[in-house]
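Sequences and hints are given; from them, build the entire structure.
Chain by chain, the residues:
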Amino acid sequence: MSEISVRAFRRRLQIVRRITGLNLRARLEYRTEFLLAILNGVLWQASVLLFMTVLVTRFSGLAGWSSSEVLFITGFRLLAHALYVCFFLNVTYVPVMIREGRVDAFLARPLPLLTQVLLNSFNVNALGDLCVAATLFGVAASTVPLDWTAPRVCLLVISVAGAVLLEAAIQLLISSAAFRQSETFTLSTWIDELMATFGNYPTVIFPLVLRALFLSVLPIAFIAYLPASVILGEQHRSSMTSILGYAAPAIGLCAFLGARLIWYRSARAYQGNGG
Amino acid sequence: MAIHAARTRRLLTVPALSELTRRSGVVTALLMAVLQVGLVCTLWRAVYATTEVSAGLDVRQAVTYVVLALLVQRIRWGSRLHSRESLWALVRDGRIIYWFLRPLGPRRHYLLKSLGEILYWGTWSLAGYGIALAAGLISPPPDARVAALAAVSLLLGQVIAHQLMLGIDLLCFWTTANTNALRVYSFSSDLLSGAFVPLWFFPGWFLTLNQWLPFQGTINVPVSIYVGRIPAAEALVQLGIQTLWCCLLYAMTSFLWRHAIRRVDVQGG
Chain A
931 MSEISVRAFR
941 RRLQIVRRIT
951 GLNLRARLEY
961 RTEFLLAILN
971 GVLWQASVLL
981 FMTVLVTRFS
991 GLAGWSSSEV
1001 LFITGFRLLA
1011 HALYVCFFLN
1021 VTYVPVMIRE
1031 GRVDAFLARP
1041 LPLLTQVLLN
1051 SFNVNALGDL
1061 CVAATLFGVA
1071 ASTVPLDWTA
1081 PRVCLLVISV
1091 AGAVLLEAAI
1101 QLLISSAAFR
1111 QSETFTLSTW
1121 IDELMATFGN
1131 YPTVIFPLVL
1141 RALFLSVLPI
1151 AFIAYLPASV
1161 ILGEQHRSSM
1171 TSILGYAAPA
1181 IGLCAFLGAR
1191 LIWYRSARAY
1201 QGNGG
Chain B
2 MAIHAARTRR
12 LLTVPALSEL
22 TRRSGVVTAL
32 LMAVLQVGLV
42 CTLWRAVYAT
52 TEVSAGLDVR
62 QAVTYVVLAL
72 LVQRIRWGSR
82 LHSRESLWAL
92 VRDGRIIYWF
102 LRPLGPRRHY
112 LLKSLGEILY
122 WGTWSLAGYG
132 IALAAGLISP
142 PPDARVAALA
152 AVSLLLGQVI
162 AHQLMLGIDL
172 LCFWTTANTN
182 ALRVYSFSSD
192 LLSGAFVPLW
202 FFPGWFLTLN
212 QWLPFQGTIN
222 VPVSIYVGRI
232 PAAEALVQLG
242 IQTLWCCLLY
252 AMTSFLWRHA
262 IRRVDVQGG
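Heads up: the protein sequence lines correspond to chains A and B, in order. Here our numbering is used: the first residue of the first sequence is 931, the next is one more, and so on. Here our numbering is used: the first residue of the second sequence is 2, the next is one more, and so on.
Honestly, the hints are just simulated from the structure, not real lab data. Beta carbons: idealized from backbone N, C-alpha and C, even for Gly. Some hints here could point you the wrong way.
Unchecked claim - Derived list of chain B stretches under chain A, where covered just means 3 residues or more per stretch with a C-beta under 8 Å from a C-beta of chain A:
| # | segment |
| --- | --- |
| 1 | 23 to 36 |
| 2 | 153 to 166 |
| 3 | 184 to 190 |
What follows is the structure, encoded as C-alpha cells:
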C-alpha cells in the first residue's frame, strides 16, 4: 500500500470518528429519547429471544435440533443483526433522506455517498441490541457442548462478519430502489421483521418451496442457520450444508460488494428531489 | 349538516387514497401479507409436529390464532408507517398549527384520519380472513354466538388500540421527539397483546400481570374468543373489562388533548 493511500485512509478514518462523535453528541441532546432508543434496541432483541424461549420451553426441539442448539442459532443471528444495526441500519433511511433533501447535499460533498449515508446518524438502539445479543450468545455458546478452539473461534468471527454483510446487502438492494422515487421503508422494515421471525430456526423445518426461497431470493439461511450448522459440528451437517455453511461468509462478502455496485448505479440515476 | 357529512366522508377516504396512489406500495403490501401468513402457518405446524396440545391450544387453534393475530395487527398498520402526516412529523415541521386553524377540530381530525386508516387496512385484513378461511388455513368460528362475541370484542379492541396510540402520539407535544417512544410502544403492545406469540404460552405470572394492562384486549381477547380458548361464558366478562378500558383510556386521552392544545409549540419556520 502506498504512503499516499495509507494517509488517505487515516484521514478518512479520522473524519468517520469525528462525524460519529458529533452524531453521538447530537443524540445525547435529547436524553429521554437517547435512553428510549437503547430500550428500543433491548426490547427488539428481547422480543425475539422471548419468542424463542417460549417455543423451546413449550415444544421439544425442532426437526431434531435441541433447544440449546436452536438458541445458539438465535444468539448467532441476534449478534450479527446487532452489528448490522450498528454499522449499516442507516441504509434503510435513504427514502427519508431523499424526501428531506439530504441526499442532494451529500452529493455535493467530497465523501462517498454511501459513507455519508452510513454516517448520517448514530443508531443508539444498537447499544441495546448489542447488550442483549452478546449476553444471549454468551449463554447459548456455553450451553452447547463445544470446544472453543482457535479455528472454531476464527470461523465464528468470519461467519458473523459474513452474516452482517449479507444482511446489509439485502437492505442495500431494497434501498437502491429509493433513488428511482420508490418508497422502500415499509419493505425494508418488513424484511427486517421477517428475518427476525424466521431467521432463527433450522431451515429444514420449512417445506421445500420455502427452503428454496431462504436459500436464494431471500437468503436468510446463510445469515444464521448454515454458519451455525457448521460451527456446531457433525450431527447436523450434510455435505451440502457443510459446503454452504463454509461458503456463507464469502457469499456475504460477494453479496455486499454486488449490492453496493447496484446501489451506486441506482444513485447515478438519481435526479434530485426537485424544489 | 350535509356539508359536515361530506367533509367527514372525504376525510375518511384520504388514507386509502394516499396508499392507493402508490401502486407499488399496494402490491408490496399484498405480497408481504400473503408471504407472512404462509410463513407463520408453516412455522407453527412445524412447531406442533411432535405435540398435540400445548397451553390449551391444539395445532388448528394455534395456527388460527397466529393468522388472526397477524390480520388484526395489520388493521393498525397505517399508524406504524413512517408518515409525513403523523403527529410527530407535523409537530417537527410546524404544520401542526394548521390543525388548530381549520374549521375541523384537531381531535376530530385525528379520529377521522385514524378511522380512515382502519377502514383501509381493515378491508385488506377482512379480505385476508376470507381467503385464509376459503383456503382452509384457519378454522371458522364454532357458532354464530361466538362469531358475534368475537366481532364485538374486536371492535372494542380497536377502540382500545386507537386510544393507546393517541396517548403515545400526544406525547410529542411535550417531548418533541417521540420516535423511540412509538417504537417501544409498538414492541410492548405486540408482546403484551399476543401478536408475537399466543399469550397462553407465557408463564402464569406474566398472564396475571397482563390482566392489569389494556393490551391483551386489542388482540388476545377477540382472537381467543374466536378460537374457543376463552369460552363464551367467560367472554362477557372480558367484554366488560374491555369496555372499562375504553372508558378509562378515553378519559386519559381527553385530559391529554386538553393540555396538549395549551402547549402547541411550532418547531418549523
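Going through the hints against the structure:
{"no.": "1", "hint": "23 to 36", "verdict": "holds (count 7)"}
{"no.": "2", "hint": "153 to 166", "verdict": "violated (count 0)"}
{"no.": "3", "hint": "184 to 190", "verdict": "holds (count 4)"}
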